[in-house]
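Visitor: Based on the sequences and whatever the hints tell you, model everything.
Sequence lines, in order, name chains S and X.
By our numbering, the letter at position 158 of the first sequence is numbered 158, and the numbering carries on one by one without gaps.
For our numbering, add 1000 to where a residue sits in the second sequence, where the first one is 1.
To be clear, the hints were calculated from the coordinates, so they are not data collected in a lab.
Please note that a few of the clues may not be correct.
[To be verified] Just some of the chain X residues that point at chain S, by a computed CB distance under 10 Å:
1) Arg1129
2) Val1130
3) Val1258
4) Gly1272
[Said to hold, decoys possible] In silico negatives: residues of chain X with every beta carbon more than 10 Å from chain S:
5) Glu1064
6) Leu1069
7) Leu1150
8) Ala1228
Every residue, glycine too, gets a C-beta built ideally from N, C-alpha and C.
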Amino acid sequence: MRVRPVGVGLRYGVLFALAALVLVPFVGIILASVHPPDQQVSGLSLPDRISWENFSVAWNQAHFGSLVRSSLIIAAGVVPAAVILATLAGYGLTVLRAPGSRPVTGAFVLGLTIPVELVVVSLYFNLRDVGLSNSYLAIIMAEIALFLPFGVYWMSAHFAQVPIELVEASRIDGARDLIVLLRVLLPISWPAITTLTVLIFMWSWNQFLLVLVLMQDPEKRTAPAGLGYFVGQYSTNIPLLSAASLIVILPIVAVYLAFQRNFVSGLTQGAVK
Amino acid sequence: MADPRTTVVARSSPPAAGLRRGGAPSRPGRRRWSGWLYILPAAAVYLAFAIWPTIAAARLSFFEWNGILPPRWVGLDNYREIFDTPALYGAVGHSLVLVVFFSVIPVAFGLFLTAMLSGRVRRGMAFFRVVFFLPQVLPLVAVGITWRWLYSDDGVVNEALTAVGLGGITRAWLGDYGVALFALGLIGTWVMSGLCMMLFLSGVQKIDPSLYEAAVLDGAGAVRQFFAVTLPGLRGEVSIAAVITTIAALASFDLVYVTTNGGPANQTTVPGLLVYRLAFTQGDIGGASALAVVLAVTVIGLVTVIRWLTKERS
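Guide: As structure tokens, then:
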């Protein structure tokens, strides 16, 4: 029997209060975003009339339409490539146990602690030297490299949990490495791969500093990077800034709500073991 | 090396499996050279776009270079300058203050709440989980813009303070010399607390209930139970939460860039911001690289300390 710390009612009271603290900022910018443009917004006030104009201004005149397109182009390059490379490497390191796989795994894991700040300056000059300034390809490659430490780590850990008998059995049947991966391991790896996919999409969507530096052309930046630039120009136009922020937030929130189990399990499950 | 805030987030999962595997002696089957075929593509991209720039940054930190003229070797001068210039080492100090807000407070708060709720809240947990994790998935730029507005003169924070009779202390929080850094830190507390709470609340449910029964038989009260059973049982979660949040605190460029941009009067500068400025507005690539190296060393140092402090000692 455990000591009952507090009553059930109080527990839920606290949880609801905290949930409100998390959600109030969203309510704040949603309300601000539907105020008529340039109207003074004060606190959590309701607008006199609901106006969607800020969204269309942000989308068209502030180029958020094309910024979102850049974000999607980069994510479309980064996500599949990073997931495939991480899966292949995890297979080679953990299942095939290539000679030297231990130090190589270590080198990838070390990458988890290195901040973007450390690489971004020299990366900019290296890429400039090879003529890859302002290039989507350069950003895509750099992001893949940034997300690989986690991806390799994640897939290695996943493959380490797969019963080895499964792999051995199909090898005895004469299956080659690639067939083992595609026919035996992939079908039981979709949950791990899905989680990795949504996490990498999120990181790619949210990446700021790397894009700010490697893409000097403001028109071709991603949505968050464009937002960071935008805030300098329109720092006092709260309704417009709020609408632009919501445009940047909504896609990732939608992915989060659709795949929240993957996000949350990625966060909590393994931590404990 | 991904977005530091989130990267490490998910790192929580894998180590477990890795460790478990370490526990079991080596798997049957021989090592295969053909494995390198599978590793090579990832290794090549990682080497070219992460390892190489890291080495290049370390090398550049010993040079004076404006990005155009040939670099000039200056030895440790760039590092000496960091430790001699208040504006530069001040930024490192600010980021350590942010560690308190991003990491120490959320972890302590999460533990307190876990003790209070005792992990026995089940109904409706799915809803709370979705809400509390939400700040983790948002781009920090958007979080920053939102809080700029909440903290502004007629923002929600001041409105709430006035409503509870604290109208006297209202101000433009991010523009106030004395409190801007703390106000910035509290944004981090807002982002990170939910993550810590959910990690601990789910972790506490995995503690063997018989441990609590034994503690009760020994006459332990709620407080003793917390320190004797709950806290040791959450060692792994505390370690992970502290590492994730500390890395995020030190890589707070996005947030600072859109909220205060280092102001007022350099009260909220952080290393990332100065790396960006030194390199791209002041043309001091060597200085920027040295500061980036100092930042990376700080991150690795703090992570090592946290790991050591939360290590299981048997």
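Visitor: Could you run down the list of hints and mark each one as holding or not?
Guide: Taking the hints in turn, this is what the structure says about them:
no. : hint    : in the structure
1   : Arg1129 : holds (6 Å)
2   : Val1130 : holds (5 Å)
3   : Val1258 : holds (5 Å)
4   : Gly1272 : holds (5 Å)
5   : Glu1064 : holds (14 Å)
6   : Leu1069 : holds (13 Å)
7   : Leu1150 : violated (6 Å)
8   : Ala1228 : holds (13 Å)
Violation of the numbered hints given earlier is confined to hint 7; every other hint is satisfied by the structure.
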